[in-house]
Amino acid sequence: MIDFRVGRVLRTRRVRRDAFAAGSESPPYLGPICPLALVPILLLAFWPVWRWYGARMTDGSDEPLGLIALLTAAAFVPRRGWLEVIRPRALAVATGVLALYVAAFDHLPLLVRGAVAVAALGAVLPRDSARSPLPLLALLLLSLPLIATLQFYLGFPLRVATTWCAAHVLGLTGCVVEAHGTVLRWAGEEILVDAPCSGIRMLWTASYLSATLAAVHRLPTARFSRLAQTTAAVVFLANLARTVVLFFLETGLWPNPPWAHEAAGLALFIVAAGACAATARWLRVRPAPVA
Amino acid sequence: MKLLTFLWVGKPRRGIRYVQAQRTSHADASGCAEATADRSARRPCLWSALALLASCLAAPAQDDDPGRSASESPYFQVLSATEPGVDALPLKDTQVEVTIAGVIADVSVIQTYTNEGTVPLEAKYVFPGSTRAAVHGLTMVIGDRVVRAKIQTKNEARRTYETAKAEGKTTTLLEQHRPNVFEMNLANILPGDVVRVELRYTELLVPEEGEYSFIYPTVVGPRYVGDPRALSDDSAGASAAFADHARPAEQWTATAHLRPEDRPTATFGFRLDLAAGVPIGQLGCTTHPVTLTNDRPDRATLTLDPSADPTSHANRDVIVRYRLTGDAVHTGLITSRGVDGGEGYFLAMIQPPSRVEPAAIPPRDYVFVVDVSGSMNGFPLATTKRLMRDLVATLRAGDTFNVVLFAGSAATLSAEPVPATPANLARAIILLDRQQAGGGTNLLPALQTGLALPRPDGPLARTFIIVTDGFVAIEAEAFHLVRQHLDQGNFFAFGIGASVNRHLIEGLARAGQGEPFIVTNAEEAIASAARFRTYIESPVLTGVRIGFMDAAAMDVTPSPVPDVFAQRPVVVFGKWSGEPTGRLRLCGAGGAGRFESVLEFSNATSLDGSRALELLWARAQIRALEDDELEGRDSERATAITQLGLRHGLLTRHTSFVAVDEIVRNPAAPPLPVTQPVPLPQGVTPSAVGGQVVATTPEPAAVSVVAIAALALAWSWRRSRRETGRRAA
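In the order they appear, the protein sequences are chains E and X.
First residue of the first sequence? That's 1 in our numbering, and the numbers climb one at a time after it.
First residue of the second sequence? That's 1001 in our numbering, and the numbers climb one at a time after it.
Among the clues, some could well be false.
[Stated by the list, open to error] Distance condition first, Cα-Cα at most 25 Å in a straight line; then the derived SDA-like pairs of lysine to any residue: (1) X/Lys1385 - E/Leu253; (2) X/Lys1385 - E/Trp254; (3) X/Lys1150 - X/Trp1252; (4) X/Lys1124 - X/Ala1166; (5) X/Lys1150 - X/Ile1663; (6) X/Lys1385 - E/Gly252; (7) X/Lys1169 - X/Pro1670; (8) X/Lys1385 - E/Thr251; (9) X/Lys1150 - X/Asn1185; (10) X/Lys1385 - E/Pro255; (11) X/Lys1385 - E/Asn256; (12) X/Lys1169 - X/Asp1144; (13) X/Lys1385 - X/Ser1414.
[Claimed, not checked] Computed beta-carbon distance windows for the label pairs: (14) X/Asp1327 - E/Pro258: 46 to 56 Å; (15) X/Gly1210 - E/Trp259: 46 to 56 Å; (16) E/Trp259 - X/Gly1269: 31 to 41 Å; (17) X/Gln1435 - E/Pro157: 36 to 46 Å; (18) X/Lys1092 - E/Gly60: 19 to 29 Å; (19) E/Trp259 - X/Ala1624: 50 to 60 Å; (20) X/Val1703 - E/His168: 29 to 39 Å; (21) X/Arg1722 - E/Ala260: 28 to 38 Å; (22) X/Arg1726 - E/Leu100: 42 to 52 Å; (23) E/Pro258 - X/Thr1265: 20 to 30 Å; (24) X/Ala1527 - E/Pro157: 56 to 66 Å.
Derived from the structure by calculation, the hints contain no laboratory data.
From a predicted model like this one, the values you see are computed outputs, not experimental measurements.
Virtual Cβ for every residue (Gly too), placed ideally from N, Cα, C.
This is chain E alone, in the form it adopts within the complex (with noise of 0.2 Å):
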């Protein structure tokens, strides 16, 4: 059933551009619902959530990575389709999700809010026709001040993963690894895996990385999702050998200078962008070769 609706879509869209290709269809209609017009307006309603988003970036209560996403996002903002009327859809969307937040309001948490007021931008920022929206509004939401959130509902439950999987793989090595919780322990040892250890900070920057390519090498959607589940995957096989790696550093089964610590994990770490780097490129879009 899903499969069918999701093609029927497609299929509409598909017959409507076509539609336009062939000219049967006007061109874009200058109007007053315009961006131009609705981004200033939606920027004073989310006012609460900005003056939050300048306070969290500013405390240190979160790595201000954000900045770079926004910016980011901002340099895929076509200049052109500022005056032009916004779609129906988009507008709707956009109405739908303020809706949301005046409605509840009380009820969402702070970050939440901003997610709804970045959605809402995002439906009334123009669009480049030839590009997905989705990575676009990926960036917006990596804007956020997300990582320490990540770090406190989705850290935990990846260093078990991690921890669990690394006990195993340091099982084929020889090694007899007991995996306790976060905790790695061998002989005697303890291996904590603990908050800066979750992969959160790699999985941040892969993802801002997926959606940056994927908006450079213009992903449609479904394939940006491809790229976007490899991202996740890679990130979480490069943690788990940074966790193997670093177990043998750290117990001084490998002697090693001070800098290897770090130098592993940036290693492993050029691996996981560049295997996110290849995939993009893979997934990318060529052109019909020239008959």
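Given chain E, put chain X in place with the hints provided.
Here is chain X on its own, set in the frame of chain E:
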């Protein structure tokens, strides 16, 4: 699931067609075109816009509650010492003043706390003391107000402190965690306050080989808090005993240390006035630069060199050694009447006979238990290797030995004891030389491993030699284990480092009826190994017994008196009642035969009017009770210790000093707790802290990770541009 499958397995060709369709358009292919169809098509758009505008008008009218903003969105609140307005290093200065009269040292330690921040503080500072210290006084000075502390039971003192803190009064609490580890708490230090806290203690100096030593420890080393599960595999029964006496985790072991790159800011001063009573032969400090002055042959003053950096001293023990002319030692009987005129106290120091080299030395079996944990990394392990070379070199041809190396786990040289042949000794040295210190300090499993090693054939006496820095917090368990296995041999302990846990080293030796050795540098290793050999081969006095004739003596300690290995006086404390009459007799077996020494109470030196003997006697009693807190009858021991502490005004495991300034100075907000970080002991590397806190595997720095992402983006973008260029060409 179908949707996920679609998203992932979607055919690439569909995407190609999709983008091809887009490429044929020159504008937005879906949205805007629909808006141009007709008026009816635009009507929903208009309604949507009106709704949006209405929402926008409504939205700014609501604001979030500032009070909730911090709690509703989860984030890590960093309330660290680096927060603006917080003085994270409130301890500014420590001054130690020592006055030695004869064999009794009276020590005053003055700590100065200043709040240079803008918020009121509660400072916590864990600091060391002498293992022989009888802490008997605490005074707090704020401005011109002097507040003398009261001795209370530990729980009562804590309650007094917390109540005063909550009421906004400046208050201080001094607690004992170990006989040589104390914790100072000082609450409601207001911005700009200068608070001086002075604690006083007394200790007895006992010469060894004619040399007196005064030791003032300056820093508590990072304690390894072991995994209790490490004991559970033991089948010897000791683990069951430990399980019965399982103690909750102790918070004080989580001491804050300065990173090696951070310089300490607290200054340290030390002054020692020596009134020996007889001419002083030699006087010097082996650990710090000092200046010496002496206006009379029997008096001298020693201070730290003023030209040295005053913040650089507090990372190692201050060790002052002196000899009297002709290697004379103070011996005899000292008495004092109690302050209330009732019971009196006495101290007997009896010089044992001279050491006699025995004609024949029976072979022995030696078990070396050597610490190679993270805290031994660097200088301590290098010193240990040197010491071990010297120790194994002392073994004789008929001896046997084995080596247990331990950190997180333990490894042995051999499953059976091996003869002390040159080849086996070389094997042991090579095994040790290969060690790279790392991991935790699981002392108890290592001791159990050593105790479980098979004995050699024949009636060889066994000696255990433990070599460690002692940075553990399971002293009582270790003493208990040693006492339980005294039938297997005696135990000698070597402490390696500039700031050793002397409580463990001395306690192990005391429990194991052996001797402690402290090796602070490689040069001392040779002398210590030679002394060990001498002690083993020719004990000074064995089978020591104390008796009293016509003297009403009681509560004598130690009881029984252990064998004497070192050439130092036998020290006996006790109480007497009535008049100081009668005699004290000590007898035992020396190298030249039976030894007997008699001291007359009537000839005793009187210290009437001084509380020194009372305090030292009480401290000796408390030490005997505290030494083996796992021996059972805990409640009786605790009660006895508490009564001794309260009666004699001494700091103990169960009694604390608390002082409260009755002026309410901070009624508004509770003070911010800060823990005074201390430097690592000299020669100890950061791996000691890593071993204690367990290693972690943090991610690379954010800047590095983002830089790599930027490089990946640049690489991908450049390749795309090249391909576009090639296609265009």
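Going down the list of hints, with the structure as the test:
no. : hint                             : result
1   : X/Lys1385 - E/Leu253             : holds (21 Å)
2   : X/Lys1385 - E/Trp254             : holds (22 Å)
3   : X/Lys1150 - X/Trp1252            : holds (22 Å)
4   : X/Lys1124 - X/Ala1166            : holds (16 Å)
5   : X/Lys1150 - X/Ile1663            : holds (17 Å)
6   : X/Lys1385 - E/Gly252             : holds (19 Å)
7   : X/Lys1169 - X/Pro1670            : holds (10 Å)
8   : X/Lys1385 - E/Thr251             : holds (21 Å)
9   : X/Lys1150 - X/Asn1185            : holds (15 Å)
10  : X/Lys1385 - E/Pro255             : holds (19 Å)
11  : X/Lys1385 - E/Asn256             : holds (22 Å)
12  : X/Lys1169 - X/Asp1144            : holds (16 Å)
13  : X/Lys1385 - X/Ser1414            : holds (18 Å)
14  : X/Asp1327 - E/Pro258: 46 to 56 Å : holds (49 Å)
15  : X/Gly1210 - E/Trp259: 46 to 56 Å : holds (51 Å)
16  : E/Trp259 - X/Gly1269: 31 to 41 Å : holds (39 Å)
17  : X/Gln1435 - E/Pro157: 36 to 46 Å : holds (39 Å)
18  : X/Lys1092 - E/Gly60: 19 to 29 Å  : holds (27 Å)
19  : E/Trp259 - X/Ala1624: 50 to 60 Å : holds (51 Å)
20  : X/Val1703 - E/His168: 29 to 39 Å : holds (33 Å)
21  : X/Arg1722 - E/Ala260: 28 to 38 Å : holds (36 Å)
22  : X/Arg1726 - E/Leu100: 42 to 52 Å : holds (48 Å)
23  : E/Pro258 - X/Thr1265: 20 to 30 Å : holds (25 Å)
24  : X/Ala1527 - E/Pro157: 56 to 66 Å : holds (58 Å)
In summary, this structure violates none of the numbered hints.
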